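Enquirer: Taking the hints into account, I'd like the entire structure generated from these sequences.
Same order as they appear, the protein sequences are chains R and P.
In this text, residue positions in the first sequence follow our numbering: the first is 1, and each later residue adds one.
In this text, residue positions in the second sequence follow our numbering: the first is 1001, and each later residue adds one.
I should point out that these hints are in silico values taken from the structure, not numbers from a laboratory.
Just to be clear, a hint being listed does not mean it is correct.
Distance condition first, Cα-Cα at most 27 Å in a straight line; then the derived DSSO-like pairs of lysine-lysine [unchecked claim]:
{"id": "1", "chain 1": "R", "residue 1": "Lys15", "chain 2": "P", "residue 2": "Lys1176"}
{"id": "2", "chain 1": "R", "residue 1": "Lys15", "chain 2": "P", "residue 2": "Lys1171"}
{"id": "3", "chain 1": "P", "residue 1": "Lys1176", "chain 2": "R", "residue 2": "Lys27"}
All figures in this text were calculated on a predicted structure; none of them were measured in a lab.
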Amino acid sequence: MNISEFIVEVVLENKPAARDPVGETIKRDLLAKKGYSSVTNVRSGQYLRIFVKASNQEEAKTIVNKMCNDLRIFNPITQNFNILKVSDKKK
Amino acid sequence: MPIKIAVVQFPGSNCDLDAVHVLNEVIGVECSLVWHNNFKEAEFDGIILPGGFSFGDYLRAGIIAAHSPAIEQARIMLKDGRPLIGICNGFQILTEAQFLPGALLQNESLKFICKWINIKVENNKTAFTNRMKLNDILDIPIAHGEGRYFTDNLKELEENDQIVFRYTNQKGEITKEANPNGSMNNIAGVCNLEQNCLGLMPHPERASEEILSPNGTFYGKLFFQSMIDFIQKRL
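Expert: Rendered as structure tokens:
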């Protein structure tokens, strides 16, 4: 079986109920004040690029998914977690 | 056997030495500073997780320390009924380890807040509040950037009497102005169901001697005296 290296991109974001003062401040104190009234909402978060060895993209995604849940990489009480993209490192 | 307390030190802890000083010199019990990888629960009657920025607050405050071997040891102590207090970053570690319900988020103001505030005692039956009276107003300092308490289960916390402290004004009124960080329902500290584990954002170890307080008070001492009383009753 061929093992390759993949890049799994993960985003952690506060759930709406937990609020996001960083996003609120960017929208209220910067964008709105500079006239970007078309912006209706900004949510901030954390972005991780996780490099992982696996036999295929699906396996890389499964490893990261399990890891994020088991080790509480995201806090399920306050945050949502999304795998944005899985790509082959060589490409 | 004399009572022995441990203050567990993580990389980035602070006020750890203050806690050791208070236990040794103000309360007068044996207390040691123990590196988190070396902590052995069997040697101690009680444990303090101090404040600070364990592991640089990377990923989220408290999450990396929550996976430390010391936390597995602390879990054994808790099950055995021994007392555990998490102060500030220690509170963040306890929520991330799921010893306590809820989570601590970035302050609503986005600012690091360092000042003396007031809290009200809402449960005086815990291992750390048994020397206090219900509705007592304590003045005590806070120093944190991520202290906004959040829970998705407020009703259950209230029903189980797990809310131990709320931020209030000097009169004991729970107001928005008295809430320094945007915590849900002004919650400053919570306990577990068994009431031997307390987490709070304020720093009792910085408020245990008259000389350190702008108001000449030392309410922090009550936390540690309560802890020792609780241990003595168990022995």
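Enquirer: So, for every hint listed, does it hold in this structure?
Expert: A quick look at each hint next to the structure:
Proposed proximity of Lys15(R) and Lys1176(P) is supported: the alpha carbons are some 23 Å apart, at most 27 Å. The straight-line distance between the Cα atoms of Lys15(R) and Lys1171(P) is roughly 34 Å, outside the 27 Å bound, and the hint therefore fails. For the hint pairing Lys1176(P) with Lys27(R), the CA-to-CA distance comes to about 23 Å; that is within 27 Å, so the pair holds.
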